[in-house]
Amino acid sequence: MSAVIYQTPYGSCQEFTANLAQAAATYDLCTASGDVLIYRAGIYVQTVGATFTSVSIQSNGSTAWIILSALDGALVNIASQRSMPTTWSQEDPLSLRSGQKIQYTLVGSTGTGSLRVQLAYHPLTGGAQLT
Amino acid sequence: MSSRNLYSVNTADLVSDFTMNLAQAAATYTLCTAVGDVCIWGMGVFCTVAGTNWTSVTIQTNDTTNFVFMNSTEGARANFTAGKNVSITWAQVQKPLVRSGQLVQYTIAGTTGVGTARVQIYYYSLAGGDLV
Numbered sequence: 004m005s006a007v008i009y010q011t012p013y014g015s016c017q018e019f020t021a022n023l024a025q026a027a028a029t030y031d032l033c034t035a036s037g038d039v040l041i042y043r044a045g046i047y048v049q050t051v052g053a054t055f056t057s058v059s060i061q062s063n064g065s066t067a068w069i070i071l072s073a074l075d076g077a078l079v080n081i082a083s084q085r086s087m088p089t090t091w092s093q094e095d096p097l098s099l100r101s102g103q104k105i106q107y108t109l110v111g112s113t114g115t116g117s118l119r120v121q122l123a124y125h126p127l128t129g130g131a132q133l134t
Numbered sequence: 405m406s407s408r409n410l411y412s413v414n415t416a417d418l419v420s421d422f423t424m425n426l427a428q429a430a431a432t433y434t435l436c437t438a439v440g441d442v443c444i445w446g447m448g449v450f451c452t453v454a455g456t457n458w459t460s461v462t463i464q465t466n467d468t469t470n471f472v473f474m475n476s477t478e479g480a481r482a483n484f485t486a487g488k489n490v491s492i493t494w495a496q497v498q499k500p501l502v503r504s505g506q507l508v509q510y511t512i513a514g515t516t517g518v519g520t521a522r523v524q525i526y527y528y529s530l531a532g533g534d535l536v
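Protein sequence lines correspond, in order, to chains A and B. So in this note's numbering the end of the first sequence lands on 134, straight run, no missing numbers. So in this note's numbering the end of the second sequence lands on 536, straight run, no missing numbers.
Looking at chain A on its own, in the form it has when it is part of the complex (with noise of 0.2 Å):
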């Protein structure tokens, strides 16, 4: 058995836009670039939501990994300037793999509203991201 030392640098933390004015369907949030181990998350609600049923946001491997489940993302959550609680405890980190994504479902009607998302990681390659 071996292991891999990564010396990593400090966290980094990088913010994204979720559009909640579109269809119903899954769209990307973010792509990690090199593996990246997320160990927060932070959500805030930048425009109000309306129309739509609800949002999630997950990374998209063979078994998801949940940040924002439906139910904690339903429509009547995405209240004006409010910090979102996570579904994911974040008490253990989520490893991100080379090409992975985090991504997020909306259900429903197409309504309006936009989330501001916050990740911090630490890279496990070096020059890893997300993007």
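Among these hints, one or two may not hold up.
[Said to hold, decoys possible] Short derived list, chain A residues pointing at chain B, Cβ under 10 Å:
hint, residue
1, A44
2, P88
3, W91
Bear in mind the hints are in silico, worked out from the structure with no lab data behind them. Computed from a predicted model, the values in this text were never measured in an experiment. For each residue, glycine too, the CB sits at the ideal point set by N, CA and C.
Guided by the hints, dock chain B onto chain A, whose structure is given.
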């Protein structure tokens, strides 16, 4: 479709220490102001001068849907003993964004008394944002 902003890559987490003056009349006071956007991920509250007379103190943002870091139960006067950390139960599943110009405030309830607490705020700077 989504858009991306890249901030603070390979920079350290930031921490700032603010003083909460509890020897004031019941009202809401500003603890700090965001100059540029920041994402807060941790907070510590340490009592330096024990509280007397007032009933409770809370800490929250001034957003329309405000985010409460410390509620009135956690901030009850009995929990403010000199030299002790005040336990707050802020769920770590929420990492509030404080937009530029928004405030972190504290609200004193009850009769004017005495007391002082230091509040350490841990955060990420987004696009050079800071707490002042």
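Hint check results:
1. A44: Hint holds; A44 of chain A Cβ to chain B Cβ min 7 Å, cut 10 Å.
2. P88: At 4 Å from the nearest chain B Cβ, P88 of chain A passes the 10 Å test, so the hint holds.
3. W91: At 7 Å from the nearest chain B Cβ, W91 of chain A passes the 10 Å test, so the hint holds.
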